[in-house]
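Model the full assembly from the supplied sequences, consistent with the hints where possible.
Protein chains: 2
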Amino acid sequence: MTGFINYQKVLIVGLGLIGGSYAQKLSLLGFEVGALARRQETLDYALQHGLIAHGRTDVTREYVSQFDLIVFALYPRTFVDWIRKYQDYLKPGAVVTDVTGVKRSVVPVVQELLRPDVEFVPAHPMAGREVCGVENSDARIFANANFIITPTERNTPEGIELIRTLGCILGFRHIAVLSPEEHDEMIGFLSQLTHCIAVSLMTCKDSEKLVEYTGDSFRDLTRIARINEEMWTELFMENRDELLSQMDLFLAQFSRMREALAAGDTDTMKEMMRLSTQRRAYFDK
Amino acid sequence: MTGFINYQKVLIVGLGLIGGSYAQKLSLLGFEVGALARRQETLDYALQHGLIAHGRTDVTREYVSQFDLIVFALYPRTFVDWIRKYQDYLKPGAVVTDVTGVKRSVVPVVQELLRPDVEFVPAHPMAGREVCGVENSDARIFANANFIITPTERNTPEGIELIRTLGCILGFRHIAVLSPEEHDEMIGFLSQLTHCIAVSLMTCKDSEKLVEYTGDSFRDLTRIARINEEMWTELFMENRDELLSQMDLFLAQFSRMREALAAGDTDTMKEMMRLSTQRRAYFDK
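Here the protein sequences line up with chains A and B, keeping their order.
1 is the number of the first residue of the first sequence in our numbering; add one for each residue after it.
1001 is the number of the first residue of the second sequence in our numbering; add one for each residue after it.
A portion of the hints provided could be inaccurate.
[Claimed, not checked] Computed cross-link-like contacts, DSBU-like style, restricted to lysine-lysine with a CA-CA straight-line distance of at most 35 Å:
id : chain 1 : residue 1 : chain 2 : residue 2
1  : A       : K9        : A       : K91
2  : B       : K1025     : B       : K1085
3  : B       : K1270     : B       : K1209
4  : A       : K270      : B       : K1205
5  : A       : K25       : B       : K1209
6  : B       : K1270     : B       : K1205
7  : A       : K205      : A       : K85
8  : A       : K205      : A       : K270
9  : A       : K25       : A       : K9
10 : B       : K1025     : B       : K1091
11 : A       : K270      : B       : K1085
12 : A       : K25       : A       : K91
13 : B       : K1209     : A       : K270
14 : B       : K1270     : A       : K209
15 : B       : K1270     : A       : K205
16 : B       : K1091     : B       : K1009
17 : A       : K25       : A       : K85
18 : A       : K270      : B       : K1025
19 : B       : K1025     : B       : K1009
20 : B       : K1209     : B       : K1091
21 : B       : K1205     : A       : K205
22 : A       : K270      : A       : K209
23 : B       : K1209     : A       : K209
24 : B       : K1270     : A       : K25
25 : B       : K1270     : A       : K85
Don't read these hints as lab results, they were simulated from the structure.
Every value quoted in this text rests on a predicted model; they were computed, and no experiment measured them.
What follows is the structure, given as structure tokens:
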């Protein structure tokens, strides 16, 4: 895949934290990176900091049609709308990918909509920060993160390989392939459920007076409670049935612990703690 | 309080992680530290590593009566039993303190039992690790931690001041005074509830296949899911009513999020996320 580096011009659609971080890394690697953003200030920032070579706020055929690879770093609904509106402008043979955190509600829709001469290879870079916006772009967030490709039967081996190479050169630690269904179940449990828990815990009490007593446990469990409510509400809604299942799974275990405590059933409490200790140990290997 | 350093001999009863870490720091500071432990191997380790000057596995009047300050680093019930059995051996005028993580069920009982010529000043060093035992002793765990003194009307200003100085020289970042009731509510929420959540989350699914996809969120929320089941079950049981209240508080918020998601009520979801973000911000000041 030497060719990947030699001739690709990459367009980033949406310069938020993730789009900006993609742009930063790809520019550093020598790609010609263009961008579409809603606001001129975003483009100005990205130009001044060397994240992109050029950019536009308006979507034109002339600009869009020059790119071989287009990365959509938009919210799920905005991404689908863009494809519906502007896919005519895409260069024949172009490859499209995304960074969307939910897959079942996006992948089949976009693949169904899209022209047959353009391939959409879906991906989810599992990286982020508690802050958003292009000015927080930092490609180092990819170094310890997972890159998940979620292809369907419509994808070609070449398309998948291209996006695998993209994940690789962006610096992700681990690259995996899952079906959209497997992805959404996994992300519902590992990411969305944990955010629900953190938000619920953080909203229990006024924390201002608790700050001085707070040890590592509470800080760890609520780090992700600083949350972009627009993005996460959309992600939750797009994965609603799966997230509800994962929440119910957690509720069942939490209620089991509560009932055991209320009943003074220390055997069940200890059994849960032993299982928990044993399973957590996998993570420290 | 220069006198504190000059003439005190300190006895640590119970050489686990916390007892061992107290011993390590106090020995480094030049105190003569003695210890009572159940197993000779524990004492051998502590002697070889300079944590203590001497120690015993049997409790005798001759040994116990030489100490001015006695720190109980035992499980709650074991602490109360020790006092009941051996308090006659304590030197007249001695000060007793503890490290117990629950207070309402321990403090009044011990203060009621204790001879009038010995003062018990309760304290809770809010420090710990995911490992236990004397061989994991490390006084550096105190550096970022809180030290809570929970006196009652039976305590003297001098006794409280002595234990405040103890917390200070052990290196705690922040020393506070709370009532046993305030302490148990706070610890029920900040520490015990968070451990219940972590254990419940960790027991939801077999994690072995999830390890490779796990990002920081899940790792953060389950770090404390490696748990000493004997100690934590006893701590939960000793604070049962308060912990049940805190669990119900969390359940109410989590259920609110679940109902909002199920109903597609994005306004409520966003409102909770905004409140969560605002409250979490206190912690990053």
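Okay, the hints, checked on the actual structure:
no., hint, verdict
1, A:K9 to A:K91, "holds (12 Å)"
2, B:K1025 to B:K1085, "holds (29 Å)"
3, B:K1270 to B:K1209, "holds (32 Å)"
4, A:K270 to B:K1205, "holds (17 Å)"
5, A:K25 to B:K1209, "holds (30 Å)"
6, B:K1270 to B:K1205, "holds (28 Å)"
7, A:K205 to A:K85, "violated (45 Å)"
8, A:K205 to A:K270, "holds (28 Å)"
9, A:K25 to A:K9, "holds (14 Å)"
10, B:K1025 to B:K1091, "holds (24 Å)"
11, A:K270 to B:K1085, "holds (28 Å)"
12, A:K25 to A:K91, "holds (23 Å)"
13, B:K1209 to A:K270, "holds (24 Å)"
14, B:K1270 to A:K209, "holds (24 Å)"
15, B:K1270 to A:K205, "holds (17 Å)"
16, B:K1091 to B:K1009, "holds (12 Å)"
17, A:K25 to A:K85, "holds (29 Å)"
18, A:K270 to B:K1025, "holds (32 Å)"
19, B:K1025 to B:K1009, "holds (14 Å)"
20, B:K1209 to B:K1091, "violated (57 Å)"
21, B:K1205 to A:K205, "holds (29 Å)"
22, A:K270 to A:K209, "holds (32 Å)"
23, B:K1209 to A:K209, "violated (40 Å)"
24, B:K1270 to A:K25, "holds (32 Å)"
25, B:K1270 to A:K85, "holds (28 Å)"
In summary, the numbered hints that this structure violates are 7, 20 and 23.
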